[in-house]
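Participant: Here's the letter readout for the chains.
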Amino acid sequence: MSHQTLKSPASTVIVPATSEAGFLKHLWWNVADTYVVMIRNLMYFVREPQLLIFATIQPVMFLLLFTYVFGGVISFSTGGDYINYLMPGIVIQSIIFASSNTTVGLSLDLSRGMIDRFRSLPMSRAAVLAGRTAADTARGFFTITIMLIAGFVIGFRFADWGTGIAGLLLAVAFGYAFTWISATIGLLVKDPEAAQVAGFIWLFPLTFASSIFVPTRTMPDWLRAFAENQPVSIVASTVRDLMTGTVNTDEITTSLAWIIGIVLVFMPLAVRQYAKVASR
Amino acid sequence: MSSHHTIIAENVYKHFGDVKALDGVSIAAENGKVLGLLGPNGAGKTTLVRIFATLLKPDKGEVRVGGIDVRRRPQQVREIIGLAGQYAAVDEILTGRENLVMVGRLYHMSRRDAKRRAAELLKRFELTDAADRSVKTYSGGMRRRLDLAASIVARPSILFLDEPTTGLDPRTRIIMWDTIRSLVSDGTTLLLTTQYLEEADELADKIVVIDHGHVIAEGTADQLKANMAADFIDITVANPLQAVQASELLRPLSTEAPQTDDLRGHVVLSVESGVQSIAEVVRLLDSEDIHIAELNLRRPTLNDVFLSITGEAIVEEEVKPKRRGFGRRRSA
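Protein chains in written order, with numbering that gives the first Met the number 0: chain Y, 0 to 279; chain F, 0 to 331.
Hints may contain errors.
Label-pair ranges, simulated between beta-carbon atoms [said to hold, decoys possible]:
1) E119(F) with R46(Y): 21 to 27 Å
2) I259(Y) with H211(F): 47 to 53 Å
3) D58(F) with F207(Y): 53 to 59 Å
4) E61(F) with D190(Y): 30 to 36 Å
5) S138(F) with R46(Y): 16 to 22 Å
6) F207(Y) with D168(F): 32 to 38 Å
7) R71(F) with L268(Y): 45 to 51 Å
8) S307(F) with R46(Y): 51 to 57 Å
9) N40(F) with M60(Y): 34 to 40 Å
10) L268(Y) with N40(F): 31 to 37 Å
11) V30(Y) with R71(F): 22 to 28 Å
12) K24(Y) with W176(F): 39 to 45 Å
13) K56(F) with A31(Y): 25 to 31 Å
14) G154(Y) with E119(F): 57 to 63 Å
Quick look at which bits of chain F chain Y covers, simulated, 3 or more residues with Cβ under 8 Å [unchecked claim]:
15) 50 to 62
16) 66 to 80
17) 103 to 111
No lab work stands behind these hints: they were computed from the structure.
Treat the numbers as computed from the prediction; the structure is a model and nothing was measured.
Glycine is no exception: its CB is placed at the ideal position from the N, C-alpha and C atoms.
Build the full structure now, drawing on both the sequences and the hints.
Facilitator: Laid out in structure tokens, this is it:
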């Protein structure tokens with residue numbers, strides 16, 4: 000038991016347990032703290048299942064509306080079954096919208112003083128964020144799993160289960176990268192009500208000016224230049240190829256580069272902002 | 000400041016833009032004693048606590064907690080302190096027990112130790128019956144008790160409580176006072192902020208009065224009161240229109256110009272010795288046919304102290320509760 004009982008009014012200099020511990024111990028505590036925070040965040044979905052239910056109904060509704068309302072028209076330009084075009088795209092859309100939950104969650108923790116409590120504990124500095132992003136990614140994964148099941152019911156099929164699952168995992172990894180962007184925004188915005196909007200407003204141009212719902216070829220040139228080169232389109236089309244059985248190594252490399260790049264930029268930004276954030 | 004001071008701030012500055020939250024504050028809390036930080040809203044109390052608890056860095060000045068430099072070794076400081084902030088920082092979705100176990104785990108206790116400690120604290124704070132209900136269903140007083148319990152999970156030798164009873168009803172406040180007293184009876188050093196004079200008087204061994212980022216007075220409650228030479232005589236005249244007349248009549252008895260409120264008919268005299276003056280007050284007022292509705296002799300309160308130092312009374316307004324996220328229920 001490494002934790003000392005600290006009750007020695009006679010001495011003013013107290014050497015705490017954590018400071019004596021070695022590097023490996025610290026590494027382990029990072030993992031353990033992250034796990035504790037992740038479980039705490041997942042409890043929200045268990046205790047308030049309506050959060051999860053609505054978070055799942057919305058993308059399923061999107062899927063059905065797009066398929067049956069636009070599907071007939073769009074099939075002409077996609078050539079083939081629209082559901083097979085739409086499904087991978089809407090998986091990406093759902094998982095990055097799920098990641099915006101991170102923004103709201105963190106700003107609520109800030110406004111309720113939870114972050115102050117965490118910051119006053121000798122726990123790992125990164126764990127509050129790492130636990131939060133992991134829990135929100137798990138939630139996104141749950142959401143798109145339900146969506147895929149709905150998709151199977153209305154006729155979507157993986158061309159190949161192996162590459163299909165790979166595509167699914169790529170989508171989840173992309174969602175995880177986006178939770179770090181959302182975490183940074185949440186820590187910058189602080190106010191929960193502002194965070195509600197700030198959390199997802201920036202996702203609209205990224206998801207609609209993209210190849211998620213429709214091919215980009217009918218867009219005006221300036222928009223097309225953006226739509227074809229932004230990460231959401233790139234990852235969406237990679238996932239689409241994987242789910243329809245095509246393995247394009249270049250495309251996969253570019254997608255992975257985006258995912259790793261986003262994490263490398265936003266993880267340190269979020270952690271730095273966490274360290275200095277003053278909640279009130 | 001010597002080694003028997005466990006919490007030390009020397010010449011600490013913290014400015015937020017133009018707002019000088021702390022403008023050269025020096026305070027020291029003695030080992031095992033309770034230091035009360037008293038001041039109105041916005042005086043800088045919370046800023047100072049946040050600096051001690053490693054949540055904020057000071058712009059300038061030296062800050063040591065348990066002998067450890069807060070700026071240089073914050074993580075070590077976090078191991079020996081407990082903090083309960085202004086708003087009960089407990090997770091609504093979790094149960095009381097889960098909250099305490101979580102905090103224990105984040106102090107790197109084993110799962111079993113964290114559970115045992117949680118059970119112990121729930122019992123001590125009389126939350127055992129509610130232990131496995133989600134905190135959403137807790138009353139304000141229960142939340143504060145749970146928050147307090149969370150702050151001492153790791154048996155800290157140094158405890159910071161930022162306005163622990165703000166917003167609580169008087170009965171719950173008195174229960175909290177008992178709880179806090181029992182916490183410090185085993186040698187914990189406590190720094191407590193409050194805007195309630197009564198609270199500082201009840202709990203603190205020493206009081207530091209702070210206003211606009213400056214320390215404006217310090218001492219024990221009795222010392223602060225003794226510095227004011229006088230007793231006070233509060234008089235309410237039956238006819239408020241005679242208050243000014245009464246005030247002029249009694250002026251020679253008072254060491255300072257009497258405070259006069261001609262709306263309510265209040266006159267307050269500060270006198271060397273209340274007992275000796277009171278007969279004279281009655282005789283003088285009677286000779287002019289001014290009827291007395293109420294007459295009180297009292298020792299100065301901390302409010303008088305504050306008034307005499309700053310020229311303003313402490314405004315005992317309730318802090319507005321912070322808005323919670325929308326769409327969530329607020330429990331009573």
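Participant: Determine for every hint whether it applies to the structure shown.
Facilitator: Hint by hint, here is what the structure shows:
1. Here the CB-CB span from E119(F) to R46(Y) is close to 25 Å, well matched to the stated 21 to 27 Å.
2. For the pair I259(Y) and H211(F), the beta carbons lie near 50 Å from each other, so the given range of 47 to 53 Å is met.
3. Distance hint for D58(F) and F207(Y): a CB-CB separation of about 46 Å, inconsistent with the stated range 53 to 59 Å.
4. Against the hinted window of 30 to 36 Å, the Cβ-Cβ separation of E61(F) and D190(Y) comes to about 34 Å, which satisfies the hint.
5. Our hint of 16 to 22 Å for S138(F) and R46(Y) holds, since their Cβ atoms are close to 19 Å apart.
6. Between F207(Y) and D168(F) the Cβ separation comes to about 52 Å, which falls outside the hinted range of 32 to 38 Å.
7. Between R71(F) and L268(Y) the CB atoms are about 25 Å apart, so this pair departs from the stated range of 45 to 51 Å.
8. Checked against the hint of 51 to 57 Å, the C-beta distance between S307(F) and R46(Y) comes to roughly 53 Å, which is consistent with it.
9. In this structure the supplied range 34 to 40 Å is violated for N40(F) paired with M60(Y), their Cβ-Cβ distance being about 48 Å.
10. For L268(Y) and N40(F), the Cβ-Cβ distance of about 34 Å falls inside the hinted range of 31 to 37 Å, so the restraint holds.
11. At roughly 27 Å, the beta-carbon separation of V30(Y) and R71(F) lies within the given 22 to 28 Å, and the hint holds.
12. About 40 Å separates the C-beta atoms of K24(Y) and W176(F), a value consistent with the hinted range of 39 to 45 Å.
13. In this structure the supplied range 25 to 31 Å holds for K56(F) paired with A31(Y), their Cβ-Cβ distance being about 27 Å.
14. Between G154(Y) and E119(F) the CB atoms are about 59 Å apart, so this pair conforms to the stated range of 57 to 63 Å.
15. Only residues whose beta carbon comes within less than 8 Å of a beta carbon in chain Y count, and the region 50 to 62 of chain F has 4; three or more means the coverage holds.
16. With 9 residues bearing a CB less than 8 Å from a CB of chain Y, the region 66 to 80 of chain F meets the requirement of three and the coverage assertion stands.
17. Evaluation of the coverage hint for the region 103 to 111 of chain F: fulfilled, as 6 residues show C-beta separations to chain Y shorter than 8 Å, against a requirement of three.
Of the hints listed earlier, those the structure fails to meet are numbers 3, 6, 7, 9, in rising order.
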